[in-house]
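Starting from the given sequences, assemble the full structure and let the hints guide the process.
Chains as they are written, first to last, in my numbering: chain G, 1 to 361; chain U, 1001 to 1256; chain C, 2001 to 2278.
Since the hints were derived computationally from the structure, they do not count as laboratory data.
Remember, predicted model here, so these are calculated numbers, not experimental data.
Treat the hints with care, since some could be wrong.
[Stated by the list, open to error] Per label pair, the in silico range of CB-to-CB distance:
id: 1; chain 1: G; residue 1: R348; chain 2: C; residue 2: S2117; range: 30 to 38 angstroms
id: 2; chain 1: C; residue 1: E2167; chain 2: U; residue 2: R1187; range: 34 to 42 angstroms
id: 3; chain 1: C; residue 1: E2167; chain 2: U; residue 2: I1149; range: 20 to 28 angstroms
id: 4; chain 1: G; residue 1: V304; chain 2: U; residue 2: I1141; range: 41 to 49 angstroms
id: 5; chain 1: C; residue 1: E2167; chain 2: U; residue 2: R1066; range: 33 to 41 angstroms
id: 6; chain 1: G; residue 1: S33; chain 2: C; residue 2: R2089; range: 47 to 55 angstroms
[To be verified] Per the computed footprint, the stretches of chain U lying under chain C, defined by three or more beta-carbons under 8 angstroms from a beta-carbon of chain C, are:
id: 7; segment: 1074-1086
id: 8; segment: 1095-1107
id: 9; segment: 1121-1127
Yeah, the Cβ is synthetic: ideal placement off N, Cα and C, and Gly gets one too.
Now for the letters of each chain:
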Amino acid sequence: MYVAVKGGERAIDNAHRWLEDERRGDRKVTDLSVDQIKTQLSLSIAKVMAEGSLFDPELASLAIKQARGDLIEAIFLIRAYRTTLPRFGVGKPINTDKMIAKRRISATFKDIPGGQLLGPTFDYTHRLLDFKLLADGSIDEFEPGKDTEQMFQHVTQFLNNEGIIETEETSSSEADSPDLTRQPLEIPANRALRLQALTRSDEGFLLGMAYSTQRGFGRNHPFVGELRIGLISVEFEIPELGFNIEIAEIEISECETVNQFLGSKIHPPKFTRGYGFVFGQSERKAISMALVDRALRWKELGEVSDGAPAQDEEFVLYHGDNIQATGFVEHIKLPHYVDFQAELELIRKIRKTAFEAKKDE
Amino acid sequence: MEQILKAKAIDKKFGSVYACDNLSIELYTGEVVGIVGESGSGKSTLLNCLSGSLVPDGGNITYLDRDNNWLDLLSLPEPRKRNLLRTEWAFVHQNPRDGLRMAVSAGGNIGERLMAIGYRNYSQIRAEATEWIEKVEIDAIRLDDKPSIFSGGMQQRLQIAKNLITKPRLIFMDEPTGGLDVSVQARLLDLIRSLVRELGLSVIIVTHDLAVARFMANRLIVMKNGKIVETGLTDQVLDDPQHSYTQLLVSSILKV
Amino acid sequence: MSNSEEDFNFAYLDEQTKRMIRRALIKAICIPGYQVPFASREMPMPYGWGTGGVQVTAACLQETDVLKVIDQGSDDTTNAVSIRKFFERVAGVKTTENTGKASVIQTRHRIPEQVLSEDQILVYQVPIPEPLRFLEPRETETRVMHALEEYGLMHVKLYEDISINGEISTAYAYPVKVNDRYIMDPSPTPKFDNPKMNFCPAIQLFGAGREQRIYAVPPYTKVISLDFEDYPFEASRAEKTCEICGATNTYLDEVVIDDKGTRMFSCSDSDYCNSRKS
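This is the structure we're talking about:
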């Protein structure tokens, strides 16, 4: 007996209730608070804010909780929420020279004015499981030294003073900095648009792309000129007031690479640059972004492309967005039976013709 | 004979290097002009400028179309340019992969230009594709095979059929026998030469191989470092080279 | 969505965004079949699940509208239910399963069997708006091909179909030419539905969210399926009768009803089937 495929609505409701139940998990264990996530999973939050393109640790924590720790799902929640927010205006360009850095290192000079500041990094930890954490071990508070209260000049600025690295041009108007979230991505994109796309690209995708350039697919010989992580203020001009006010202080990671030089017999050689900028403490992504940015710049720097994936603007920009990617990849689990039916009919018809032709032989 | 293509004072720089330095050439109807020189001499760059795949930094190029109008190619609107490329012009690449769709059958490749100009009858397209695949000496039974399983020589012949089916007037060739064995080369050159004569084509052929140049070209242009160092009738240039560079080229080939 | 409904604007999107989408829609109507880039927003359902259609619907909806949502022809498939509930919640509009009573119909993969009228809008969800995409992967190149009407490659695909299979083996998302100009992807509807697009009295709007494109077919516009003179287009269907309503001219779903693989056929358009039964 055929039963029409009814009851979709009830099935969905039940699925949602089951999902909620699984999210909460064993009721004997205390419910995870948003505050706990916010204060103890800050690197997850950084990823959700960066790829969700919304700086709000509280909402990012909520999203992580709601998504059961699936960060792409959490990013998705943030993106969908972001859609509903009206845009009041455009902030003033932030100046990372004014950053209060908690980490700031350079790989190009042994020492730099202000010193190398390691900050809270995994870099020199031994990756050994710390079983003390299983037993709720309490951790001593750490008081950072005075080093962390100053502002530093950028390392690349020293090279720039010597004229030995290309000068970064500030975009002259707002039109040079289109908003990726308000305008469709159109190729060719200028650098401002590319950087926006990269900063909200999937970390894993960017990491793979960056890695491919190091392994020879569009090699560009990078050095980390400087990597800095810290707080900077965001200012906004209120037209009625006529001056800037600080609306937020945000944590960001910034990476500037110094790359292969460029020049000819007539034009003296200069180092070129790659740039990475990400919300929160996320240096893996900042470095990857700088490498990919540099790889994508081949045309404006007058280089010849190797045809490597990381040099292909359309490829990188169209495929780095994990929300677009996950939706489309996963949509093939939706019903497609109408299309499949059409294919069934066709293949049966073609097979029939082929069998008949064979019989005639 | 009248002219079909005129290029004046073509400049093209890559970085600070001139690949084409103030070059002027003319091509007459039914004439085969060979551009020879070593790699890096700028001969392929010149060909790409003439055929519209590169935009020169300076100079001008004009072409006499089927309706006897001189067209200024550098200011020609893109639609007209593309239309020329699939009707009156053809380009044979050194690597057949650049000129063929490797995932499309031989017949589909040959028929593409017909479909592009509006042919909508399958049987007719197929009949013409069959005629042309035979003309380039490939067995018609291979019509539905993909070029990826063809030999290099067959791929090159397929590329020629694909280009000639719309009966172009002007054909650009970039080292058309470049990657092939000597015996395959000879057979292919023979085929190209007879088709060129049969169809009365005007041809610009770029080659580093003086034997190919002698076999194909009526007239030769010798290039070095982005400049034309010598030009004249093929036999005259090869048998009595005037410029020291041409003398060097000719003597080096004779030693082989 | 744990927030209360009051937190959202009518039909979810803010008015600025709706205006932006409407501008794209007007442009699309003016150039039938042309893909207009638009700044697609993230919606609370995943890309590939109808975000383009949802945004177009959101931009079209007014409080007096009556909305119908179908997926695979049916009002009761999970994704159709999910989208219908979304609009009930964020727009509070009336919804219906009755094709004739709807003023806006959002669809995935089908065109209703009942002939649409002048006061209806049909919104298609589109996964890949570019009909040339699988022949030429680059957007920069396909846009030029459209601009210059360089469509030879599309026929090469059909030529290949015939050479290999003896007929044009495209069963759905069958390419069409709109108003004698643009080649358009009708979205993955079975080719059985293609003739319904031709001179359709309703407005047909197409939204591709992830690909950020909107296109449209205005009412009473010529929509022709591509073919060869000697291999004409055929709107094929299963040569069977609906076992529920007895229809012989509708698109049918094939359902496996037991472990022995017994099949039964019934209308894919559930509302049409129900209306004939009663």
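We went through each hint and held it up to the structure:
The hinted range of 30 to 38 angstroms is satisfied by R348(G) and S2117(C), whose Cβ atoms lie roughly 35 angstroms apart. A hinted range of 34 to 42 angstroms holds for the C-beta pair E2167(C) and R1187(U), which are about 38 angstroms apart. Evaluation of the 20 to 28 angstroms hint for E2167(C) and I1149(U) yields a pass: the beta carbon distance comes to about 24 angstroms. Checking the proposed 41 to 49 angstroms range against V304(G) and I1141(U) shows it holds: the Cβ atoms sit about 42 angstroms from each other.
For E2167(C) and R1066(U), the Cβ-Cβ distance of about 37 angstroms falls inside the hinted range of 33 to 41 angstroms, so the restraint holds. Checked against the hint of 47 to 55 angstroms, the C-beta distance between S33(G) and R2089(C) comes to roughly 28 angstroms, which is inconsistent with it. Under a criterion of three residues with beta carbons nearer than 8 angstroms to beta carbons of chain C, the stated coverage of the segment 1074-1086 of chain U is upheld, 4 such residues being counted. Counting residues of the segment 1095-1107 of chain U whose CB falls under 8 angstroms from any CB of chain C gives 4; the rule of at least 3 is met.
Counting residues of the segment 1121-1127 of chain U whose CB lies closer than 8 angstroms to any CB of chain C gives 5, which reaches the minimum of 3, so the coverage claim holds.
This entry does not satisfy hint 6, going by the numbered hints stated previously; all others are met.
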